[in-house]
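This is what each chain is made of:
There are 2 protein chains.
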Amino acid sequence: EIPSAPPQVWMYCRLYRKLERFRSPELLDAAKAGGEFLLRYARVAPPGKKCAFVLTRDGRPVKVQRTIFSECFYTMAMNELWRVTGEARYQSILSSPPHPGAPGLLATPPPHGGIFLVGWQGLKAHLASLFLPRQRDGQAVLENVSEDGEELSGCLGRHQNPGHALEAGWFLLRHAIRKGDPELRAHVIDKFLLLPFRSGWDADHGGLFYFQDADGLCPTQLEWAMKLWWPHSEAMIAFLMGYSDSGDPALLHLFCRVADYTFRQVSGLPVRHGCGGNMPDFVTGRNPQCVHIPRQVERHLQYCTHTSRLPSTASGQLRLLTRNAFINNMC
Amino acid sequence: EIPSAPPQVWMYCRLYRKLERFRSPELLDAAKAGGEFLLRYARVAPPGKKCAFVLTRDGRPVKVQRTIFSECFYTMAMNELWRVTGEARYQSILSSPPHPGAPGLLATPPPHGGIFLVGWQGLKAHLASLFLPRQRDGQAVLENVSEDGEELSGCLGRHQNPGHALEAGWFLLRHAIRKGDPELRAHVIDKFLLLPFRSGWDADHGGLFYFQDADGLCPTQLEWAMKLWWPHSEAMIAFLMGYSDSGDPALLHLFCRVADYTFRQVSGLPVRHGCGGNMPDFVTGRNPQCVHIPRQVERHLQYCTHTSRLPSTASGQLRLLTRNAFINNMC
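Chains G and X, in that order, are what the protein sequence lines are. So for the first sequence, full-length UniProt numbering puts the first residue at 1; every next one is plus one. So for the second sequence, full-length UniProt numbering puts the first residue at 1; every next one is plus one.
Treat the hints as calculated values from the structure; they're not laboratory data. Take these hints with a grain of salt, some might be off.
For identical chains, the list gives no copy identity; a pair is met inside one copy or between any two copies.
Keeping only pairs whose Cα atoms sit at most 30 Å apart, straight-line, the calculated BS3-like set for lysine-lysine is [as the list claims (entries may be wrong)]:
id, residue 1, residue 2
1, K191, K49
2, K179, K49
3, K50, K32
4, K63, K50
5, K50, K179
6, K179, K63
7, K49, K32
8, K50, K191
9, K32, K191
10, K32, K18
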């Protein structure tokens, strides 16, 4: 599947490139095998740029979506593969990002997938303009806004995804840190880290809801109240990054709160997102695990190694947590 | 939304046409207003036949699917409106059903939506050939098969939907009864009523699972273990139809078992599919309520009125159940 295979290629390359312990030929070979498959089969009608969303094992397209998810994932994977191998043939065919409103690429009007666009180097400069308008007067982060940043009507406009908000939060936070913009940094911590956590955390049972409605109505998605692993990964990255940068113990405390909850749930998780019980409280989900969780591990290992601010107990706990997460997910 | 609006039009017309108590001008006017909206806006690029899946309130297409769901629903609604008003302009533009493999209409290869095709009069003769191949050697009813009736590989091929199996079951049962084919009737009761019920019923907590995997693996859909109202409606129709035809008390017993469970759950249901609790055990779901549940009420009222075989206590219970269901759902 496109939402699964390209992130896998991307992640393999990134682990290979960034972390010494993953610099094995097997990992690179696996990434290249995935890249070759995508190169040959991902595009529905080459040289057209439209990519299939689901392919069979032998490369026939099963599902084609109007969103730009597939093309974003494809481009990210190929560019990372190009970077790690230096082979120009991997350089993405989507050399410029498609315009969000381009017909046949994105269903009008919600710019779903904007969050993935930041994989493109060229878009990093536009991070703030991509995510900052997704707020309702600073009271909520909205998943979908119109192309000119206005709130959409109906449940589509009220739709919230706390995991995406927190993910956007750490993209923005990194951007603010790199830019050296303390005002943006403070705003992001307040509105994209603390706010989504406060409103998205289940006060009764713990954990981040999958979906919410900005007016407090019931989301239309049946799975809205489920707790998925990946939003918790994003929350942990966000709070650890915030703490690592600011030294604010409140952010470390939030990191520990999410980590405690998450790894307690993960340790009790039956194989393959909770098939054992009736309605599992905590699930791993289907596609995004191969990017969210290894990415979390990569981030955490970096913080463990480079952050002198981290208290040694927290650092030890982190190493343990990330090792467990990695073993649970990757092996 | 197309999965919601046309079934509503269809249901209003049908209630108006079939049941004396619903023969009100308001109901017909509502159906006609819906029909006019669809006539004007449903097709993405008239005179093309492709219909949008989601429209805005003012008729702009938001989502267009490659499946044929939208066209099926549209055709069913329009033909029912034509039937009740006698106005030829409602006669469906989709005068012949699109070929399931036609490019742009149905994603290859799974014939999703085949179950809805039976709304077309012209397809009623093909019921058996549509549904009977969806079996794995009589051991399971599969949701998706290839166009030539073969099992598909992977989780798509193993995908099961007990509610759809039971719904197909009563379509087939009615077909067998009308044809006067006792062999088909017995086969259907065995393989499309009893089998999906046995494998789809949650032995520990009661209720029909939303999705299952024919190999007993964990379905990939997060919501697989949820209990939705509509599969229970289909099960009740199926068992009541089976009992009404055969007089077999085992089928009445199964009807009562599903009805007891369902209405016990429904009576405790918070407003709008269980927003109150953490992870609700029983949910109404989003779109299909306006067809599944009123259709169940219509069916049940017919059985209450016409089935002399029904014991008077069961008949009284049924009247109460259907009245409650109707009040809960429609008011």
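Do the hints match the structure? See the list:
1. Within a single copy, K191 and K49 get their C-alpha atoms no closer than 36 Å, and across copies no closer than 46 Å, so neither meets the 30 Å cut-off.
2. With identical chains, the CA atoms of K179 and K49 are never at most 30 Å apart, being 33 Å at best within one copy and 52 Å at best between copies.
3. In the homo-oligomer, the alpha carbons of K50 and K32 lie at most 30 Å apart inside one protomer (21 Å), although the nearest pairing across protomers, at 40 Å, exceeds that limit.
4. Taking CA atoms no more than 30 Å apart as the test, K63 paired with K50 passes in both settings, with 12 Å inside one copy and 17 Å between copies.
5. In this assembly of identical chains, K50 and K179 lie within 30 Å of each other by CA distance neither inside one copy nor across copies; the values are 34 Å within and 48 Å between.
6. Taking CA atoms no more than 30 Å apart as the test, K179 paired with K63 passes in neither setting, with 40 Å inside one copy and 38 Å between copies.
7. Within a single copy, K49 and K32 get their C-alpha atoms as close as 20 Å, which meets the 30 Å cut-off; across copies the closest is 43 Å, which misses it.
8. In this homomeric assembly, K50 and K191 never come within 30 Å of each other (Cα to Cα): the closest approach is 35 Å inside a single copy and 42 Å across copies.
9. For a Cα distance limit of 30 Å, the shortest separation of K32 from K191 qualifies neither inside one copy, at 40 Å, nor across copies, at 47 Å.
10. Within a single copy, K32 and K18 get their C-alpha atoms as close as 17 Å, which meets the 30 Å cut-off; across copies the closest is 63 Å, which misses it.
Checked against the numbered hints above, the structure breaks hints 1, 2, 5, 6, 8 and 9 and satisfies the rest.
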